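For what it's worth, our numbering labels the leading residue of the sequence shown as 484, then goes sequentially.
Where hints are given, some of them may not hold.
[Stated by the list, open to error] Here are the simulated lysine to aspartate or glutamate pairs, DMTMM-like style, with alpha carbons at most 25 Å apart: (1) K660 x D610; (2) K574 x E501; (3) K660 x D684; (4) K574 x D554; (5) K571 x E501; (6) K692 x E578; (7) K657 x E675; (8) K555 x E587; (9) K571 x E616; (10) K692 x E681; (11) K660 x E611; (12) K692 x E587.
Please keep in mind that the hints were generated in silico from the structure rather than gathered at the bench. Everything numeric in this text was worked out from a predicted model, so none of it was measured.
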Amino acid sequence: MSPMIPDWFKYDMRRKAERLGQWWEDLALRKWANDNPTLIVLIAAVSTVILLAVIIWVSWPEPDVPEVTYDKEWFYDLNTGELFTARKGLKPPIEAPSGPLQPEFASPPVRSGGPAGVRAYVLTNVDEPNEAERYIAFLETSDLDAIPDSSKKTGPGRSGVMRWGRGKLLRRLKDAKWVPGDSLEGQEIFKEAFSPNENNDRPRYFRPK
Numbered sequence: 484m485s486p487m488i489p490d491w492f493k494y495d496m497r498r499k500a501e502r503l504g505q506w507w508e509d510l511a512l513r514k515w516a517n518d519n520p521t522l523i524v525l526i527a528a529v530s531t532v533i534l535l536a537v538i539i540w541v542s543w544p545e546p547d548v549p550e551v552t553y554d555k556e557w558f559y560d561l562n563t564g565e566l567f568t569a570r571k572g573l574k575p576p577i578e579a580p581s582g583p584l585q586p587e588f589a590s591p592p593v594r595s596g597g598p599a600g601v602r603a604y605v606l607t608n609v610d611e612p613n614e615a616e617r618y619i620a621f622l623e624t625s626d627l628d629a630i631p632d633s634s635k636k637t638g639p640g641r642s643g644v645m646r647w648g649r650g651k652l653l654r655r656l657k658d659a660k661w662v663p664g665d666s667l668e669g670q671e672i673f674k675e676a677f678s679p680n681e682n683n684d685r686p687r688y689f690r691p692k
């Protein structure tokens with residue numbers, strides 16, 4: 484029967500072998516450095532230059548980006564199907580160029596006789612779109628029958644998009660009726676509008692100039 488080697492002896496021998504290997508690597512590296520002093524100086528100089536370049540690049544102030552502000556928003560004339568612009572911040576519906584909403588263009592719960600101008604979300608997938616490269620994703624108007632939200636819920640059951648949709652009615656151009664913005668149907672309209680296309684480009688709002 485072969486003698487049993489104690490675990491402590493195995494551990495001690497393994498530690499000594501590791502130290503010997505590390506010593507050998509340090510010795511080989513030291514010998515290489517002694518044999519190539521010019522190369523060592525060159526590497527140090529290049530490293531210093533690179534470090535200085537990084538420090539300068541990080542600390543160099545970036546040029547100021549001019550702030551672009553917009554004072555108009557897109558609106559849609561329900562009577563004519565035409566876009567028009569109006570002052571930013573107006574709460575739809577607003578007066579449209581064609582006058583009051585005609586009965587044939589009303590859709591529940593938006594009634595005829597009221598203002599025919601609703602907010603239009605004009606989106607694009609390119610930086611500088613022409614007229615053919617922008618489109619109306621959906622329309623928005625105010626839900627005049629909505630109960631004011633006094634609960635101010637912010638928990639997990641009340642997402643930011645749902646809070647945004649509170650008191651709003653949304654509709655695609657092809658839809659027959661308006662739906663509450665914080666309903667499942669309204670959330671689907673919003674999600675569909677801002678989902679990436681087949682090229683993984685996410686649509687963004689095209690602001691009027």
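inquiry  = Can you confirm whether the C-alpha distance between K574 and D554 stays at or below 25 Å?
reply    = holds (14 Å)
Satisfaction of hint between E501 and K571, Cα-Cα up to 25 Å = violated (72 Å)
message = What's the verdict on K555 and E587, does the C-alpha distance respect the 25 Å limit or exceed it?
response = violated (29 Å)
key: Pairwise hint evaluation, D684 against K660, where the allowed Cα distance is 25 Å at most   = violated (29 Å)
query = For the pair supplied as a hint, K571 and E616, is the alpha-carbon distance within the 25 Å limit?
reply = holds (23 Å)
inquiry  = Hinted pair, alpha-carbon criterion (25 Å max): K657, E675. Please report holds or violated.
reply    = Given that 25 Å is the threshold and the Cα spacing comes to 14 Å, the pair holds.
key: Straight-line alpha-carbon gap K692 to E681, limit 25 Å   = violated (28 Å)
task = Compare the distance between the alpha carbons of K660 and D610 with 25 Å, and conclude whether the hinted pair is satisfied.
result = Roughly 32 Å separates the two Cα atoms, so the pair is violated.
inquiry  = Hinted pair, alpha-carbon criterion (25 Å max): K660, E611. Please report holds or violated.
reply    = violated (33 Å)
key: 25 Å limit on alpha-carbon distance, applied to hinted pair K692 and E578   = The given pair, whose Cα atoms are some 20 Å apart, holds under the 25 Å limit.
ask   = Is K574 within 25 Å of E501, Cα to Cα?
value = Distance of about 75 Å is beyond 25 Å: violated.
task = Given the hint that K692 pairs with E587, test it: the Cα-Cα distance must not exceed 25 Å.
result = It is violated: about 32 Å lies between the C-alpha atoms, which goes past 25 Å.
Comparing the model with each earlier hint shows violations of hints 1, 2, 3, 5, 8, 10, 11 and 12; every other hint is respected.
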